[in-house]
Amino acid sequence: MTSRYRNITKPPDPAPTLTVPGPRPVVWAPQARTLEVVLPREAGVTPDDHVPTGTRAERRPLRLVGMDLPGWWSADDDLAPGTDYAFSVDGGRPLPDPRSPRQPHGLLGWSRSFDPGFAWTDGDWAGPSPQGAVLEIDVATFTPEGTLDAAAARFDELVDLGVAVVELHTIGSVAGVVCPHLYTVCEEFGGPRALQRLVDAAHARGLGVSLGVAYHRAAPGATFLQSFAPYLSPQRTRLRPTLTAHLTGSPPPPVPDETPPPTDRPSGRRINLDRAGSREVHDWITSSARRWFDDFHVDALRIARVQDLADASPVHVLVEVARTADAATTTHQRPVRLVGECDTQDPRLLVPAEQGGRGLSQVWVHEVEDALHELLRGSHASDPAWFGTLSRLLTVPDADRIMIGLAPAACTAGRPEGAEGTTGGAEDVDDARALAAALVLASAFVPRLVLPVSDRLHSWWSTLLALRRTVPDDTPRLVHRGPSGVVLVQRGKLVTAVNIGSQPRTTLLPASRRAWHVAAQWPPPEGHTAGGLPSGSSVRVGARSAVVLTSG
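Note that numbering that gives the first Met the number 0 gives residue 411 to position 412 of the sequence shown, counting from 1, and the numbers run on in steps of one.
Everything labelled a hint here was simulated from the structure, so no lab data went into it.
A portion of the hints provided could be inaccurate.
Unchecked claim - Pair ranges (Cβ atoms, derived):
id, residue 1, residue 2, range
1, A152, T469, 15 to 21 angstroms
2, P522, D369, 21 to 27 angstroms
3, D454, D123, 31 to 37 angstroms
Ideal placement from N, C-alpha and C gives every residue a C-beta, glycine not left out.
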């Protein structure tokens, strides 16, 4: 017998929606029997480093939200902006909110509610150039004041340098400390409102803003999260494939089953991305990213050590964050990017998620960066394989989506004093960085800058960045072999000649319908040496020097 109700399907009830963090205290604690929100009755009763267990606090019970959101608890009332609060699990010690919007009293102190409403003026902002230079800033040391407002006051200087994106490093709730609070801005820097002011000011000057985040260190950095839910997993991180085969032709080293946990993880455990309860840990991360994109209008996130985000779940957490960035791109009608920082290249990082990859916009691969700076040491000038290796590096696939630092310490590390092309002093450090800058800015790589540097290196960067902007980003690069230790990179009307050797060399220039003119050279000349050179003529490049020519 056929039931008369057979073709009737009751639509599911809409799942409740939670704004987290929002005005109402809400928390995920699937293992808890009771939850309370704790409110201080007196101002100033909290020590700087923890929430007290004394009686001078009001406790209000939370209720389970319902079956559609298992493990979620909610208060009955909203909190006014600026209200301090904490959570108590099963009557235990008050703990900060895992999604705390503000953390003014330290790592384990009271959380504070925050209204993200802001009078934005960046409605016409279309986003920075995808290949523009990125400047990494440590807010604590970038200015004497060590605040976001003071950093914003230097933006005109950064525009003059040629910076396209300002990347803020370590903006978490406790400066210099591994922080599990993914939603907060260090109060010493000015707090979340100061970040909104900085982003708005940056966009007004044509600068993008990126945030450096360290998801791999968040949960292991503070075990109090485990009092709420399974944020930690005992599993460890596997190593990833490298670019060794592409650069040298040799096979990559074998991948061991496990690597020892890094010493900066106090718990010895990693964040739980693929075990029981990991679905909400994924959401803890993606909601944080969404908050930066929507409430703070940031243009990109740079995720540290993506190789440590070991995740065997059906959808990798990086894919979910990438989809969050894609959704923000649609919402805000401007590019929102996701950058992955890693020691070694994983070919999947830049592959779209639909094709089995991670869907990142760009990567910062230390292996590629270190390989370039290693090849620029003077000891390689007479190596017959040097040009081929460097040429392959400069033409690596997706180079326009790979970041390279222009001033890392690695550019001179390990070079003994007195080695070929060195003097062992500050000038030698500048030379190494200047040659690296010349090649990076002639290539399709995305340059990363770190200040401070010497005045002459600062001027060199500014000149190269200005020249780079005269040629469209999609202009093909041609790499030419010069005499021993010399390489030429041609990009449209620009040619960059770099000599890593200890002897001056003369090299032929590519054929051109117009005469070549010297546009810049390193070391900076004492007098004016720019002049026209006949098409197809040669140019003399000094030892440990670079010359940039234009035919425009």
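So, going through the hints one by one against the coordinates:
Taking the beta carbon of each, A152 and T469 are about 29 angstroms apart, not inside 15 to 21 angstroms as hinted. In this structure, P522 and D369 meet the distance hint of 21 to 27 angstroms, their C-beta atoms being roughly 25 angstroms apart. The given range of 31 to 37 angstroms is respected by D454 and D123, whose C-beta atoms sit roughly 35 angstroms from each other.
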